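Line by line, the protein sequences are chains A and B. Numbered per numbering that gives the first Met the number 0, the first sequence spans residues 0 to 283. Numbered per numbering that gives the first Met the number 0, the second sequence spans residues 0 to 344.
A portion of the hints provided could be inaccurate.
[To be verified] Here are the simulated SDA-like pairs of lysine to any residue, each with C-alpha atoms no more than 25 Å apart in a straight line: (1) K98(A) to S11(B); (2) K94(A) to L117(B); (3) K166(B) to L117(B); (4) K210(B) to D231(B); (5) K132(B) to S192(A); (6) K94(A) to G13(B); (7) K94(A) to W236(A); (8) K73(B) to S192(A); (9) K98(A) to T55(B).
Calculated from the structure, these hints are not laboratory results. In this text the structure is predicted, and so the values were computed from the model without any measurement.
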Amino acid sequence: MKREAPKSLADYSPLFFPGLMLIVFFVVPFSTMIAVSFFQRDPSGFYTPDFVFDNYARFLSLFFAKVLGFSLMLAVMVAICCVVIAFPFTYLLTKRPRKVQTIWLVCLLSVLSLSEVIIGFAWSTLFSRTAGITNLFVAIGLMKEPVALLPSFWAVLTGMVYQALPYTILVLYPALVRLDPTLLEAARTLGASPVRAFMNVVVPALRNTIVATLIMVFVFALGSYLLPQILGRPSHWTLSVLITDQAIYQSNMPFAAAMAVFLVLMSLALVGLTLLVGRRENAL
Amino acid sequence: MSGLSLQNITKSFGNFTAVDTANLSVPHGKFVCLLGPSGCGKTTLLRMIAGLEDPTSGQILLDGTDITPVPTHKRNLGMVFQSLALFPHLSVGDNIAYPLRIRGASREDQKKRSDELLKLIHLQGFSDRPVAKLSGGQRQRVAIARALALSPKLFLLDEPLSALDAKLREAMQVELRQLQQRLGITTFVVTHDQREAMTMADLVVVMGNGKILQAAPPIEIYRKPADAFVADFIGMTNLLDATADRLGRVSVLGQAIPNLTMPEGMTKASVSIRPEDVHLGPVGGDAIAGTVTFVRDLGGTIETFVEAGGKTIVAVATPRERPEVVAGQQVGLILPADACVVLKS
Chain A
0 MKREAPKSLA
10 DYSPLFFPGL
20 MLIVFFVVPF
30 STMIAVSFFQ
40 RDPSGFYTPD
50 FVFDNYARFL
60 SLFFAKVLGF
70 SLMLAVMVAI
80 CCVVIAFPFT
90 YLLTKRPRKV
100 QTIWLVCLLS
110 VLSLSEVIIG
120 FAWSTLFSRT
130 AGITNLFVAI
140 GLMKEPVALL
150 PSFWAVLTGM
160 VYQALPYTIL
170 VLYPALVRLD
180 PTLLEAARTL
190 GASPVRAFMN
200 VVVPALRNTI
210 VATLIMVFVF
220 ALGSYLLPQI
230 LGRPSHWTLS
240 VLITDQAIYQ
250 SNMPFAAAMA
260 VFLVLMSLAL
270 VGLTLLVGRR
280 ENAL
Chain B
0 MSGLSLQNIT
10 KSFGNFTAVD
20 TANLSVPHGK
30 FVCLLGPSGC
40 GKTTLLRMIA
50 GLEDPTSGQI
60 LLDGTDITPV
70 PTHKRNLGMV
80 FQSLALFPHL
90 SVGDNIAYPL
100 RIRGASREDQ
110 KKRSDELLKL
120 IHLQGFSDRP
130 VAKLSGGQRQ
140 RVAIARALAL
150 SPKLFLLDEP
160 LSALDAKLRE
170 AMQVELRQLQ
180 QRLGITTFVV
190 THDQREAMTM
200 ADLVVVMGNG
210 KILQAAPPIE
220 IYRKPADAFV
230 ADFIGMTNLL
240 DATADRLGRV
250 SVLGQAIPNL
260 TMPEGMTKAS
270 VSIRPEDVHL
280 GPVGGDAIAG
290 TVTFVRDLGG
300 TIETFVEAGG
310 KTIVAVATPR
320 ERPEVVAGQQ
330 VGLILPADAC
340 VVLKS
């Protein structure tokens, strides 16, 4: 079908509403944040308009580099854990009868209704020494005495994976439901065991979906700032925690803005890199 | 014994019986068409042979060994799916070499075998193309080549040609048959197209409602259908209610057919006669009187619709052998005894 280029103003009208929304909810606030990141902090008040690089300069220290590195590493790990758990799970779910699928999906959706705070405190109870799951292990004889599993890196990771997993499953579900089941059967008739067929056929056929899901969970995990505080030590705090700290408790808006801009740029760069690598492999 | 043998195969899904006590014996190297309307259980039967479904009861024997408990990937078979199921992330050559890759063949062996097969299906030089860049007929051939890559004992195809247009389908039927004869491989094709079955098969297995109704060479199925369902499903036919007259002859539409006696113990029956066997003549004598209601002149053949005793009977002839008749004309229908098949009604 040949498409004509839009000519009159009316032809562009379908774009007005999304354009307006994008300006109001993205362009304006994000530009404000970029502008603020160059402002001067006023210790007695809020900030004064200026154009200085102090905020960015302060950021270029080993401490912040470490925090940034940790934040990115944590987000990547959450993304990988989520996809590794969710992909086979969702695949097996799509093989169940329709009714069973619906029940599972409703349960998963109900997890989404829990706020980050509730998830954080629920896990902190589960990982505690007095009321946690280690008491169960003691009861069945796996452990000698109950121990506290938090604060620790693994507690943070578990909490964040738990929070992101329903999203991961919901994103993977449509693609896996649409996957032609005969692809797998074909692999089996050609001599591949079911597990082998899954790795050889299902995973590569859905490579793009997997990459997209990884990116989504990565971005989602990057914004998490409550769980690291509830379940981790200060050394497990992410950049998002520091941004909150600067913006709300230290009232240093310009510095918080600078960190936020930097975080956005870094994650954009990572996402871009992933896509670039993906495209190169596709071309082969 | 050599070949494939199905013994009392039954498959139920809950209350629904998809395949009902199927028994079939196929010698090695035969081309079998499983033919029937949709939902008759033919695909389920094929999937059980492939091991993609487990029979509820019964056994599948291959060369005398029970293969019922053997999982699909150990059965050494090649299967072509209706959707073809080519792997979208692999090139043509890699698709064909996939079964060799699974078995750990070296890269050179894989390449050698896939090139050999590409030659067999007349697609030399397509090895590095992505599957998505092929036409429907080419994909079809790639799926066939992939299924044959390991020279399997059984070659199974589930409505393989249904996605192709009519002309290509006819050409592929001939090609598939020739390929099968060259390789001498036992082949099962599921189809609902009786023309396809007639073209390719050594043995046509007609199924209806989960049962095997008749298994015989195509021409026998056409000439001597086992029951009314088979007669009606294979080709065009005229099915007429028949009774025995007092001399024991078969009587159709109030007129006894000369030299056709009712089988022992039957008083009512159906008579099936193919349109090309119905002759039109003058009214009178042993002929059944009728009125021509419509003439469909297709150039190569002429179909004449004749109404007699409330039934419409179709007669087909070539323009050479048929005197011209027109709608409204009174004619006599002659049903030769040797062309009539008496069936239980």
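These are the hints, each one checked on the structure:
The hinted pair formed by K98(A) and S11(B) meets the criterion: a straight-line CA distance of about 21 Å does not exceed 25 Å. Annotation: proposed proximity of K94(A) to L117(B) is violated, straight-line Cα distance about 35 Å (limit 25 Å). Annotation: proposed proximity of K166(B) to L117(B) holds, straight-line Cα distance about 22 Å (limit 25 Å). Taking the CA atoms of K210(B) and D231(B), the gap is about 16 Å. The hint holds against a cut of 25 Å.
For the proposed pair K132(B) and S192(A), the alpha carbon gap of about 29 Å is over 25 Å, so the pair is violated. For the proposed pair K94(A) and G13(B), the alpha carbon gap of about 17 Å is at most 25 Å, so the pair holds. Taken as a hint, the K94(A) and W236(A) pair is broken in the structure, with Cα atoms around 40 Å apart against an allowance of 25 Å. A distance of roughly 9 Å separates the Cα atoms of K73(B) and S192(A); the hinted pair therefore holds under the 25 Å criterion.
Taking the CA atoms of K98(A) and T55(B), the gap is near 24 Å; set against the 25 Å cutoff, the hint holds.
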